[in-house]
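Number of protein chains: 2
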Amino acid sequence: MSELESWNDHAAKTAILDFVTAVTTAGGPEFAPPAGRVATFDNDGTLWVEQPMPPQFDFVFRKWAEEVEADPSLAAREPYKAIIEQDAAFFEGVATQDPQVVATLLQAFPRSWSGTTPEAFEAQVREWLRTIKQPKFGVPYVQLVYKPMLELLAYLQAHEFRVFVCSGGGRDFMRVFAEETWGIHKENVIGSAAGYEYTDGGLLRTDEVLGGLALGPGKPEHIFAQTGRLPLFAGGNADVDIEMLASARFALLLAHDDEDREYAYTKAADKSLAKATELDWTVVSMKNDWVTVF
Amino acid sequence: MSELESWNDHAAKTAILDFVTAVTTAGGPEFAPPAGRVATFDNDGTLWVEQPMPPQFDFVFRKWAEEVEADPSLAAREPYKAIIEQDAAFFEGVATQDPQVVATLLQAFPRSWSGTTPEAFEAQVREWLRTIKQPKFGVPYVQLVYKPMLELLAYLQAHEFRVFVCSGGGRDFMRVFAEETWGIHKENVIGSAAGYEYTDGGLLRTDEVLGGLALGPGKPEHIFAQTGRLPLFAGGNADVDIEMLASARFALLLAHDDEDREYAYTKAADKSLAKATELDWTVVSMKNDWVTVF
Chain X
101 MSELESWNDH AAKTAILDFV TAVTTAGGPE FAPPAGRVAT FDNDGTLWVE QPMPPQFDFV
161 FRKWAEEVEA DPSLAAREPY KAIIEQDAAF FEGVATQDPQ VVATLLQAFP RSWSGTTPEA
221 FEAQVREWLR TIKQPKFGVP YVQLVYKPML ELLAYLQAHE FRVFVCSGGG RDFMRVFAEE
281 TWGIHKENVI GSAAGYEYTD GGLLRTDEVL GGLALGPGKP EHIFAQTGRL PLFAGGNADV
341 DIEMLASARF ALLLAHDDED REYAYTKAAD KSLAKATELD WTVVSMKNDW VTVF
Chain Z
101 MSELESWNDH AAKTAILDFV TAVTTAGGPE FAPPAGRVAT FDNDGTLWVE QPMPPQFDFV
161 FRKWAEEVEA DPSLAAREPY KAIIEQDAAF FEGVATQDPQ VVATLLQAFP RSWSGTTPEA
221 FEAQVREWLR TIKQPKFGVP YVQLVYKPML ELLAYLQAHE FRVFVCSGGG RDFMRVFAEE
281 TWGIHKENVI GSAAGYEYTD GGLLRTDEVL GGLALGPGKP EHIFAQTGRL PLFAGGNADV
341 DIEMLASARF ALLLAHDDED REYAYTKAAD KSLAKATELD WTVVSMKNDW VTVF
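In order, the protein sequences belong to chains X and Z. The working numbering puts the first residue of the first sequence at 101, with every later residue one more than the last. The working numbering puts the first residue of the second sequence at 101, with every later residue one more than the last.
Because the hints were derived from the structure by calculation, they are not lab data. Since we're looking at a predicted model, the values are computed, not measured. It cannot be assumed that every hint is accurate.
Stated by the list, open to error - Label-pair ranges, simulated between beta-carbon atoms: (1) X:F131 - Z:T121: 35 to 41 Å; (2) X:L117 - Z:G301: 25 to 31 Å; (3) Z:R162 - X:E167: 52 to 58 Å; (4) Z:L206 - X:R349: 30 to 36 Å; (5) Z:Q200 - X:G283: 40 to 46 Å; (6) Z:Q200 - X:R349: 41 to 47 Å; (7) Z:E260 - X:N388: 38 to 44 Å.
Said to hold, decoys possible - To give an idea of the interface, some chain X residues facing chain Z are shown, with a C-beta separation under 10 Å as derived from the structure: (8) E279; (9) G301; (10) L303; (11) E308; (12) P317; (13) T327; (14) L330.
Each residue gets a CB set at the ideal place from its N, CA and C atoms; glycine is no exception.
Could you build the full structure based on these sequences and the hints that come with them?
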């Protein structure tokens, strides 16, 4: 069991190992041919810290604050107004990935990035990754990826799973750090997606969002569109992951119950925790199942 | 040079081997790290026979003929009318993948497959693959994949390229046979794409076409959306491949000049052949460069 060394030898780890053994045992009753071994993971709160808000919003809100500085008239308009005034209800909706709040934000994205080249966007994300620190831990967000989850991704890959991340967050945002951080190629990153126009020999971002948000039922929809399959193994941590987890043969739900080492909260996760009981998903207690968090 | 054994030792083969050697030689001036080794290939006319028309249209037109039989009133409407009357201009547009004709066809697809499950669609495609024969060769279409191209896909994969197919044809249609025919996973197939709705625990096709057709500029757009990159190596055979080929570092254009072993035609390929001269692409003569075709 040395592959998952940051996991305590409790029920969750045993369930993962048993499932992977069963689907990779040739001739066994649960054997899954390698072609079908697709694993999908949510990102925010599943692979890295999502408190006090999903990291990409920190990136976006800083960009919008710069825009208000350049054009103060924007301060009277949403979502700029809510950000400047630190509107509590708005930030609550952001923290819980409330689909309506997320949709409002997505409508504002085109104003900021329409016409941007992929290279320019990547440079902005890299600068943010390098310089901005998460408020509780005082380190860049990319250092707050959960070590036990990285071990799990590697363990699945070692057993011929193709690992994908499927997040409601921006596909292009995640693709900037996917390869160096998760060890998965950009094409294995699925998320809410801007359109692009190929013109004069290069790509420019448009103001479209293609295929809807990768939240709730949008997760299996985006996963099928990208991979042609539904997952054999899926991991999530919130209500917006329910459909993805329900579409998989093995579902893992991460419970944030570790106030000391990370955060303890069930907001926006109550329904998924109830569903885990109902459908016998494997619930991972950050506090009890993980030897180390980062 | 044994990997490409169906290729004659002429300039095209040499150019391919030289390029792959250059980008895989660590420390060399043209070295490309494995993460960036994305290769993309058109399908119709590049990986398999596209005459007398792209094979998927045979599949679609048979479906529509069945629909007319069930509901004769459809015979008065396009595109059913053109098919029943064997309208020459219409079939010319189909054969050349004329974007307007293809767009008309795509508008008709939803009528036939909206509300279909992926499993039901796959069963229809498999039945067609098994039973229908190409008129000139008298064998199922899937036996008319070019052997030299299969060797090329395998050669690139052996050099850590991730190989994708990007066709104006239907993504889900190609995904049915991609793994057994090309040796690439479903997620490496890019094409014109229906929407899907996840409802009651399953997926149903909608009447949307997401992200536009994967033709012309739509090819690099779809490739970037799926992979996060533009190709290092690309292969095509027609005018609708120009933008994809121009976006790659190495471009291969297949010329159909072998009336005896396949077909000889330049229709819908004249501009791409001119572009090949202008931009110094590698042109493959089916007649002279290939020892065997199938």
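Here is how each hint holds up against the structure:
The hint said 35 to 41 Å for the Cβ distance between F131 of chain X and T121 of chain Z, and at roughly 40 Å that hint holds. Taken as a hint, the range 25 to 31 Å holds for the pair L117 of chain X and G301 of chain Z, whose Cβ atoms sit roughly 27 Å apart. Checked against the given bound of 52 to 58 Å, the beta carbons of R162 of chain Z and E167 of chain X, roughly 55 Å apart, stay inside it. Judged by the Cβ atoms, the range 30 to 36 Å given for L206 of chain Z and R349 of chain X holds: they are separated by roughly 34 Å.
Checked against the hint of 40 to 46 Å, the pair Q200 of chain Z and G283 of chain X passes, with Cβ atoms roughly 45 Å apart. In this structure the supplied range 41 to 47 Å holds for Q200 of chain Z paired with R349 of chain X, their Cβ-Cβ distance being about 44 Å. Checking the proposed 38 to 44 Å range against E260 of chain Z and N388 of chain X shows it holds: the Cβ atoms sit about 41 Å from each other. This hint holds: E279 of chain X has a C-beta 5 Å from the nearest C-beta of chain Z, less than the 10 Å allowed.
Using the Cβ-Cβ criterion of 10 Å, the hint placing G301 of chain X at the interface with chain Z is satisfied: the shortest such distance is roughly 6 Å. Checking L303 of chain X against chain Z: minimum C-beta separation of about 6 Å stays under 10 Å; hint holds. Below 10 Å, beta-carbon pairs count as interface contacts, and E308 of chain X has one with chain Z at about 9 Å; its hint therefore holds. Interface restraint check: P317 of chain X against chain Z, minimum CB-CB distance 4 Å, threshold 10 Å, status holds.
Because the beta carbon of T327 of chain X sits about 4 Å from the nearest beta carbon in chain Z, less than 10 Å, this interface hint is met. Taking 10 Å as the C-beta contact cut-off toward chain Z, the hint placing L330 of chain X at the interface holds, the least distance being around 8 Å.
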